[in-house]
Amino acid sequence: MVRVARRDAAALGELFDRYAPQLLGLLAEILPNRATAEQTLQGLFLSIWTEATLSRPAPSQSVGAWLLIRGRLAGIGRLRSERGLPPPPEACVETVLKYRTWLPQPDMIELIDGRTEMLRKVLRQLPRHQREVLDYVVHEGCSEPEIAQRLGEPLARMRAELSAGLTFFRHRLRAVLGTWTANI
Amino acid sequence: MDCKYLDESYELFLLAAAPPDVAATIREHVGRDCEYCLAHLRQAAQAVYFLCQPVRPIRPNPKVKTELFHQIHRK
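Protein chains in written order, with our numbering: chain A, 2 to 185; chain B, 1333 to 1407.
These aren't lab readings, by the way, just hints derived from the structure by calculation. Hints are not guaranteed to be accurate.
[As the list claims (entries may be wrong)] Listed next, the in silico SDA-like pairs over lysine to any residue satisfying Cα-Cα at most 20 Å (straight line):
hint, chain 1, residue 1, chain 2, residue 2
1, A, Lys-99, B, Cys-1366
2, B, Lys-1336, A, Phe-169
3, B, Lys-1397, A, Gly-65
[To be verified] Residues from chain A shown here face chain B by an in silico Cβ test under 10 Å; the list is partial:
hint, residue
4, Asp-18
5, Glu-83
6, Leu-86
7, Val-94
[To be verified] If you want the ones that stay clear, here's a sample from chain A, every Cβ over 10 Å from chain B, calculated:
hint, residue
8, Arg-7
9, Gly-14
10, Ala-59
11, Pro-90
12, Pro-128
13, Ser-144
14, Leu-152
Ideal placement from N, C-alpha and C gives every residue a C-beta, glycine not left out.
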């Protein structure tokens, strides 16, 4: 990222080669077709190039997490725009784009990359309904009221399902990344 | 300030799915470097990073990179 900030186009190319397949995989899961996903990917890297002199992750902050979380926001922003829905909450988007202090360290992300299969197994342990609710959030960028409406459920019940799913996953993730083991 | 009541909201915040009032609170805390919120957001970012992992990476059409470079050279 330091080289990208110095306007080194080759460095941007290396960044693209390394992360674009993962980002496009995610965008293709969010957006209705590959052409739109590729346009969004291109726009993402263009904005990174444009902004790199002003702000970028520090060496102690994960570029991979920054790109993936930004990429998802770009994807759901595009999806919601195409569906005529309001954009994602500005407070969230602005914070992700403006600040870097929330980024985890690269070694934590490498640990996750090395334990992907185990974590996928954890996700499969979630009850189907909780997975479904989580999927609405992650891949469609739905707010809680929107999910409740789509599922025809009371908001409180849907919130409880989402909260239970996230709590389960959060605890299991700490187990997988931490020093203690759970029966996964 | 006790931010513990936000414990279940950090992932939703990074996923841009937190309720507006909660999102505004977390943004304000990040803006003033609230240590509790930043530490929890870093943990939440790990979970969100994994949740955003695609099932299958897809190699972009080479034209995407070519067009990207055309655009940056025009800038």
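Going down the list of hints, with the structure as the test:
Restraint check for Lys-99/A and Cys-1366/B: satisfied, since their Cα atoms lie roughly 16 Å apart, inside the 20 Å limit. Annotation: proposed proximity of Lys-1336/B to Phe-169/A holds, straight-line Cα distance about 18 Å (limit 20 Å). This hinted pair checks out: Lys-1397/B and Gly-65/A have alpha carbons roughly 19 Å apart, not beyond 20 Å. A cut of 10 Å between beta carbons decides the hint on Asp-18/A: the least distance to chain B is about 8 Å, and the hint holds.
For Glu-83/A, the interface hint is violated, since its Cβ never comes within 10 Å of a Cβ in chain B; the closest pair sits about 16 Å apart. A hinted interface residue such as Leu-86/A counts as satisfied when its beta carbon comes closer than 10 Å to some beta carbon of chain B; here the least separation is about 12 Å, so the hint is violated. A least Cβ separation of about 6 Å between Val-94/A and chain B falls short of the 10 Å threshold, and the interface hint therefore holds. Separation of Arg-7/A from chain B is adequate, the least Cβ-Cβ distance of about 13 Å exceeding the 10 Å criterion.
Consistency note on Gly-14/A: stated as away from chain B, yet its beta-carbon is not over 10 Å from all of that chain's, at 7 Å minimum. Annotated as non-interface, Ala-59/A keeps its C-beta farther than 10 Å from every C-beta of chain B; the closest such distance is 13 Å. For Pro-90/A, the condition that its CB be more than 10 Å from all CB atoms of chain B is violated, with the nearest at approximately 5 Å. No beta-carbon of chain B is positioned within 10 Å of the beta-carbon of Pro-128/A; the least distance is around 16 Å.
Not every beta carbon of chain B lies more than 10 Å from that of Ser-144/A, the smallest distance being close to 6 Å; the non-interface claim is violated. Here Leu-152/A stays apart from chain B, with its beta-carbon at least about 15 Å from theirs, past the 10 Å limit.
In the structure shown, a violation is registered for the earlier hints numbered 5, 6, 9, 11, 13, in ascending order.
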